[in-house]
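Chemist: Using the hints provided, position chain B relative to the given structure of chain A.
Here the protein sequences line up with chains A and B, keeping their order. Take 16 as the starting number for the first sequence in my numbering and just add one per residue. Take 286 as the starting number for the second sequence in my numbering and just add one per residue.
Keep in mind the hints are simulated off the structure, nothing from the lab. Mixed in with the good hints, there may be bad ones.
[Said to hold, decoys possible] Lysine-lysine pairs mimicking DSSO-like chemistry, simulated, CA-CA at most 27 angstroms apart:
#1 B:K424 / A:K105
#2 A:K274 / B:K298
#3 B:K491 / B:K548
#4 B:K527 / B:K491
#5 B:K310 / A:K274
#6 B:K310 / B:K527
#7 B:K491 / A:K274
#8 A:K274 / B:K306
#9 B:K310 / B:K298
#10 A:K274 / B:K527
[Said to hold, decoys possible] If you anchor each label on the Cβ, the simulated ranges turn out as follows:
#11 A:A263 / B:D302: 15 to 25 angstroms
#12 B:E448 / A:A106: 35 to 45 angstroms
#13 B:E448 / A:V111: 48 to 58 angstroms
#14 B:Q545 / A:V111: 31 to 41 angstroms
#15 B:A350 / A:A109: 33 to 43 angstroms
#16 B:G292 / A:F249: 16 to 26 angstroms
#17 A:T280 / B:K298: 19 to 29 angstroms
#18 A:T280 / B:G456: 50 to 60 angstroms
Glycine included, every Cβ here is placed at the ideal spot set by N, Cα and C.
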Amino acid sequence: MKHARLVAILAAITLAFSSVSWARGGGGGGGGHSSFGGGSRASVSVSRASISPSPARSSGFGASVASKPSAPAAAPAQSTGLGSSLYAAKANTAAVAAYNTSKTPTPAPVNSTASRATVASAGTPQNSGYTVGAALAPAPMPSPAPTTVNHYTTYTSSSGGGGNGWLWYMLGRDSARHDTVVVQQPASQQTGGAVVYGTGNTTVAAGQPPVPAQHAEPAAAVSAPVSSFSWGSFFAWVLGLGALGLLAHVLWRNWTARKARFARTSNYQI
Amino acid sequence: MGLFELGRRVVDKRLDDAAAKAVAKDLTRVDTGLPFNAQIGGLIEVPRASFALLDGTLVKVPATAQMPIVAAGRVRVDGADDLVLHRLYTSCGYNRNGEGQSFLQVLRQGEEILDIGYFSFLCRQVPMTEAEQEPFLGKGFGLGDIDYFMREDQLTASGFSDEQIDALLPGDTDALNFVRDAPTGDEYIEPYTARETRLDDSVGEKGLQKQLHFMPYTRALSDGQQERLLVSFEVVESMDGKRAPQVYVDFMVGISLDRQKIKVL
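So that you can see chain A by itself, here it is in the shape it has in the complex (with noise of 0.2 angstroms):
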C-alpha cells in the first residue's frame, strides 16, 4: 500500500516536471522557429513553421554569431534605388528635426519696431507699436463735396390740370418717382385732373369728370371681385394634391430604396 503510494507521488511529480519542459520545448519550436537577433531578445513564432528534428539556429536580424559561414552579403553602399531614397528622406528629415530641435529660440527684439518708428517719425518721443502708424499716417484730406446729380425728366402735359410747375419737378425728380404724390387741389379748383398719381409711371388723370368725394369709398367696394369660393372644391384640391404628394412620396422612397441597393461608396482613394 505505501510502495502504491510512493509510485503514486512519483509519476505526479515525473509528469509535472515533464508538463514543464513540454511548454519550454514549445517556446524553441524544436528548432524550426524563427527568432531575432541574439538569444536576449525577443522569439517570434513563423505560422507555417514545421518542426525539424536538428537544434538548428533560427533565423533572425543582426550579426549573430554564426558556427557555420553564412552567405556571402553585399557591401552597404551598393544600396538599390528604393533603399537609397528612402534613407535619403529619412536621414533629411532627422537633419531637419535634429536642428530644430538645437535652434534656441530667440527673442524676439523689443525695440526693433520702435527704433524703425523712431527712424520713421523723426524725433516722436510716444512712437512705439501701431501707434508709430497712426503717427505715420498721412493727414485726413479734406473729402470732396458729394456731388449731387439731378435727372429732371422733362413731361409733356398736354392737359391743363398738370399746369402746376411744383408738380412737375417732384414728379421729375429721380427720387420722387418712387414715391406716390398726391396731388389734392381744392374742391373749389376741381375743374380739371382732380387726382394725380405720381409713381414711376406717372400718369396724369386729365379731363376725366370729378368724382364725388363722398363717392369714392363706395365705388372701391363696388369694383371688388365677386369670390366664388366653396368648400366642397376648396376640399377637393386639398385632398387631389395631398393625393398627389403621397403618391409622388411613395415613389420617390421607392426609387431611393432601389438606387441605395446598388449604392456603392468610396471608402478608399489613394
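Modeler: The following block gives chain B in isolation, referenced to the frame of chain A:
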C-alpha cells in the same frame, strides 16, 4: 405565372436597370495617377526571363508574363513627402489578406522613376506578444539591423523543399545573409514607417488601410544580381471600410526590373 406577375417582374427589372445606371453615373474612378497610367483591371507584362536567369534566388517566376492588376496601393512614407511609392498588385493573396500577394512596386520622385521592383510573398509571421512585436517597432534592435539571416527554419516555413534548401544553402552555408538596403554602415537604423492605402476596385469601395514598419534588405546572388527582401511589420486598420485589426510580419522577396522592359496594357 400570371400576366400581372410577369408584367410586375418586367417593370421591376427595368427599374433595377435604371437605378443601376443612375448610380453608376455618380461613381468616379479613384485609381488615377498611377505609374505607367495603369488602372485596376489592366495588365502588367514583366520579362519572365529576368526571373528565370537568376541563380539561387528565392523569387518564383511568375506563372504568366501578363498579369492582371487586381489592386493598386499608395504607400506614404513618413518624412518623405516628395517620394511617391505605388504598388500595382497582381495578387492580393488568399482572401485578400496579403498572404500570397505579389506586386510591382514603383518609386517615383515627381515624374522621375527612381526604382522598380517586383515582389512576391515569402512567408508571414504573427508576433503574438508585446515582446515579440518590440523588435519591429524601432526599439534599437531587430528590424533595422544591418543583417538579416534567413536559415533553414524560415525557408522550410516558406514552402521550400529539402532539395531546394540544400541548393540554397550549399555546403557549410548556414544562412542566407541579407544586408540592409541603406547607404550607411551603422549597426542599426530605425525602420521606416508608412501608411498604405490599397484599392481593390476602381471606385475605392473595397480595399484596406494599414500602417507599415518596414526595411528593405538585399542579397547578392552568385551571378552578381541582387535579390531583395522586404521585411514589413504591418498593422491593418480597416478593410472594405470596416475596422479589421490585424498584426503580422510579411517577408517579401523580389528583384529589380528595368523600366524599359515593363509594359502596362
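Chemist: Does each hint fit the structure? Answer for all of them.
Modeler: Outcome of the hint check:
At roughly 17 angstroms between alpha-carbon atoms, K424 (chain B) and K105 (chain A) fall within 27 angstroms of each other, so this suggested pair holds. Under the criterion of a C-alpha separation no larger than 27 angstroms, the hint pairing K274 (chain A) with K298 (chain B) is consistent with the structure, at around 13 angstroms. Taken as a hint, the K491 (chain B) and K548 (chain B) pair is honoured in the structure, with Cα atoms around 26 angstroms apart against an allowance of 27 angstroms. In summary, the hint linking K527 (chain B) to K491 (chain B) is supported, as the alpha carbons are separated by about 10 angstroms, within the 27 angstroms threshold.
Proposed proximity of K310 (chain B) and K274 (chain A) is supported: the alpha carbons are some 12 angstroms apart, at most 27 angstroms. Between K310 (chain B) and K527 (chain B), the direct Cα distance comes to roughly 25 angstroms. Compliance with the 27 angstroms bound is thereby established for this hinted pair. Distance check on the hinted pair: K491 (chain B) and K274 (chain A) sit about 19 angstroms apart at the alpha-carbon level, within 27 angstroms; holds. Taking the CA atoms of K274 (chain A) and K306 (chain B), the gap is near 9 angstroms; set against the 27 angstroms cutoff, the hint holds.
Pair hint K310 (chain B) plus K298 (chain B) holds up; C-alpha atoms about 19 angstroms apart against a cutoff of 27 angstroms. Restraint check for K274 (chain A) and K527 (chain B): the C-alpha separation of about 22 angstroms stays at or below 27 angstroms, so the hint holds. Between A263 (chain A) and D302 (chain B), the C-beta spacing of about 22 angstroms keeps the proposed range 15 to 25 angstroms intact. In this structure the hint that E448 (chain B) and A106 (chain A) lie 35 to 45 angstroms apart at CB holds, the actual value being about 43 angstroms.
The beta-carbon spacing between E448 (chain B) and V111 (chain A), approximately 52 angstroms, falls within the hinted interval of 48 to 58 angstroms. A beta carbon spacing of about 36 angstroms between Q545 (chain B) and V111 (chain A) agrees with the range 31 to 41 angstroms that was offered as a hint. For the pair A350 (chain B) and A109 (chain A), the supplied restraint of 33 to 43 angstroms holds, since their beta-carbon distance comes to about 42 angstroms. At about 38 angstroms, the CB distance of G292 (chain B) to F249 (chain A) disagrees with the hint of 16 to 26 angstroms.
At roughly 25 angstroms, the beta-carbon separation of T280 (chain A) and K298 (chain B) lies within the given 19 to 29 angstroms, and the hint holds. In this structure the hint that T280 (chain A) and G456 (chain B) lie 50 to 60 angstroms apart at CB holds, the actual value being about 58 angstroms.
When the structure is compared with the earlier hints, a violation turns up for hint 16 alone.
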